[in-house]
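Chains as they are written, first to last, in my numbering: chain A, 139 to 193; chain B, 30 to 852.
In short, the hints are calculated from the structure, not lab data.
Ideal Cβ positions, reconstructed from N, Cα and C, are used throughout, including at glycine.
Check each hint, because a few of them may be wrong.
Far from chain A by the CB rule (all over 10 Å, computed), these chain B residues [unchecked claim]:
#, residue
1, 40
2, 114
3, 131
4, 200
5, 208
6, 209
7, 249
8, 469
9, 723
10, 799
A few chain B residues facing chain A, derived, Cβ under 7 Å [what the hints assert, rightly or not]:
#, residue
11, 195
12, 198
13, 201
14, 204
15, 205
16, 212
17, 368
18, 827
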Amino acid sequence: MNIILILIPVTLLLVGCAAWAFFWAVGSGQFDELDTPAWEILHDDGESGTRESKP
Amino acid sequence: MLEATAQCFHCGEPFAGRAVLRVRIQGADVAVCCAGCRAAAQLIAELGLEDFYTFRTAPSSRPQALTDEWLAYDTPAVAASLTRIETGGRSIVLLIDGLTCAACSWLLTRVLQKIPGVERASVNSATGRAQILWNEDQVALSQLLRTIAKLGYRANPVTAETTQAQAQNERHAIMKRLAAAGLGMMQVMMFAVAMYAGDLQGMDLDIRMYLRLVSLLVCTPVMLYAGWPFLSGAAKALRMHSITMDVPVSLGLLLAYGASVFNTWRHAGDVYFDSVTMFIFFLTVARYVEMVARHKSASVTDSLSRLLPVTAHRVERSESGDTLTDVTVSQLKTGDILMVRAGEIVPADGEILDTRTRIDESMLTGESLPVTRGPGERLAAGTINVDAPLQLRVTAVGASTILASIVALLNRAQSERPRITRAADRTASRFLAKVLIGAAVVCAAWILIDPSRAFGATLAVLVVACPCALSLATLVAVASANAALARRGVLVTHADAIEGLGKVSRVVFDKTGTLTTGAIRIYRCEVLGPETKEQCLAIAGALEAASEHPIARSFASLGITGERATAVHIVPGEGVEGSVRGTRYRIGTARFVAQAGDARDACPPRLEHDAAVMLGDACGVLAAFHLGDEPRPESRRAVADLAAQGLAVEILSGDTLASVARVAQHCGIARFAARQSPQDKLERVRDLTAGGDFVAMVGDGINDAPVLGGSGVSIAMSRGSALALASADLILVGDSLQALPQAFELARRAQRIIRQNLVWAAGYNLSAMPLAALGWVPPWLAAIGMSLSSIAVVLNSMRLLRDGASATNPEPVRPALHPKYSG
């Protein structure tokens, strides 16, 4: 059973990473617009600089 | 997919006899309905963005005739107040009207980026906002705005962005809390399952201690971060000497958390970390759902600024003559003289100084035809000058305009409604107070009987009494009903709309734009002279072809050609004069036509005060054309369906008696009232409400906004004015009345399911409470019972969705929807 002494901290670390990633995503506006970016990728005509910026 | 059909390729409107234009898209000729649509389609094709037509999920809005109102935006004073200087150029935030689907914002972004000089452009279809950064030396702001208009969208500069930013911050914060609570809950649940298994199978004490410590480690940030709004809310409520839902919630959380920490520290007793995190997660989900609904309804409230133009032409009087200066509307003062050109929106309340013209007041009065106004008469801000350029002396600006007073009326009507909600809050608060007292009594009793069981029993009472399933009972059923309604083309913007919809006993329609399409049509041609009906229509069509007036367009829509008018002279506010085959004709108001002849009895007595246009020559009147709104094709059936459901139907309209009666007869509605002001309508609805009716109001104009706010439940058409949309509980997105009877039926079914849910949840809570008080329910069992009860409620509510999928009416076919992306 001693394996859980290591595995649980590892899971907590992963959860921490997941939480940090989600917080970053929210903060950088990834969830502000859920419709248009899906279209963007279908019509990529090679232009750069089309990233959504925060209003 | 690209063949010619009976509808315009670009805007999807039926041709209805209009001349068909052709444009080449992706190697095929397609038909469009007007020059505006052709220009938009050509622009899209030139830039190589035809994919837009393949991927859009809704038809585009029709581009309006281009005016040069945009030039005003290039004046330095106007530019300074609307734009910001940033590194790389100037930036502006625009609110875009007419974004019908995600492909629209893609198209707009691409088109803007292809303009030389535009550094960066992004369009957010969720908020309807576009942000553009451009180089002033290479391209003028007016050109950007003109391009947007050419595509059929309308751009309004936004100056105050504070509410939008606040909403976004709130959304970000609650999403983070939701994620923290959700992730934490999953972890703690895993440890809890291990510990429950350990209770049954046996577990080493040090492993158990380890799991408890880890649970504490995960639960603490969840409690302090995700649970903080509840704790601070409860503290605030207590400071105000009131009890809100937050108080027992926080008390339960603090007790369970405190006891768990204490028991972890003393290595004995039970821990409730799983209950704490689960509780916080469910509560946060409820808050999130509520916030989404609130934001959706608030997103259209800055509509007042959108109705008025941003700039005005001020006349500066000096010795050398009059000069025009473009200023922003916020700079206007009472007494200023303004120039309002034909087709422009009147920017402030004022008095006409110089000329007679026709004014479109439909936003204010619901009158479908423009009315004639002359020198000395008052104009309201927001109305549209149809015919002739006029000079106006400003009498009221900003908050003192008629438009602003209608908004104030609307606000008052809206503020009266939450009374029902406040009553519910008071009841809840009394219930919660009883729960707290009950828990205290249980605690005291157990301390006397058996102090060791006092804590467990008290906590069980608090958890059992937590109206979690009870609050979910309504919430989930309403959310499912909203989703089912959205599938049928009805968008719900207020949380209590479903409840109201299920109670409705009477449906009141505003005529213009709801039962009718809002477009003017000639419904009768009365021949009064020697010419035949066909000849009259041909002459009238030829004369009106020269005019851009809405009435003229209704002649054009008949599609009669063959005659040509020469020497055409347009008299603003009166009519058109011209020669057809060598004879001088006049078309317009009865008086105007009568002046052409020898002042004979030009106006036949049997004509009542109806919207009629006369055609005449020098010898007298030839014909009278009766104009009116065209009823929607589905109106009659929708009204019949409503009546079949036992609902009373009536019309309250600002329009003339004759046209209202005609529509009422067409739709089979017995009760109607014409010439109603917004105040009249509000009073009528109040009378009905006082008489015991629960009224649903269907409207679309600004004039309907107060009565929409004041009725039991309000429904707006999606093409209605922004103010009407802002004050409506439901919006008919599909622009079809047929969705209405279905919505009522679905709402009643949702009511039944809510009632079942409430009985179930309350039954669970009430039956479990005595058991908990007697100490027979350990807190973990209370938490499991609560979850099971919640799941039962959720599953029951989902039935609404399933029934919605198998509804008899299939989902309306969307034009040009790519099958691959329809899922």
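Hints versus structure:
{"no.": "1", "hint": "40", "in the structure": "20 Å, holds"}
{"no.": "2", "hint": "114", "in the structure": "17 Å, holds"}
{"no.": "3", "hint": "131", "in the structure": "4 Å, violated"}
{"no.": "4", "hint": "200", "in the structure": "8 Å, violated"}
{"no.": "5", "hint": "208", "in the structure": "5 Å, violated"}
{"no.": "6", "hint": "209", "in the structure": "6 Å, violated"}
{"no.": "7", "hint": "249", "in the structure": "12 Å, holds"}
{"no.": "8", "hint": "469", "in the structure": "38 Å, holds"}
{"no.": "9", "hint": "723", "in the structure": "36 Å, holds"}
{"no.": "10", "hint": "799", "in the structure": "39 Å, holds"}
{"no.": "11", "hint": "195", "in the structure": "13 Å, violated"}
{"no.": "12", "hint": "198", "in the structure": "11 Å, violated"}
{"no.": "13", "hint": "201", "in the structure": "5 Å, holds"}
{"no.": "14", "hint": "204", "in the structure": "5 Å, holds"}
{"no.": "15", "hint": "205", "in the structure": "6 Å, holds"}
{"no.": "16", "hint": "212", "in the structure": "5 Å, holds"}
{"no.": "17", "hint": "368", "in the structure": "35 Å, violated"}
{"no.": "18", "hint": "827", "in the structure": "23 Å, violated"}
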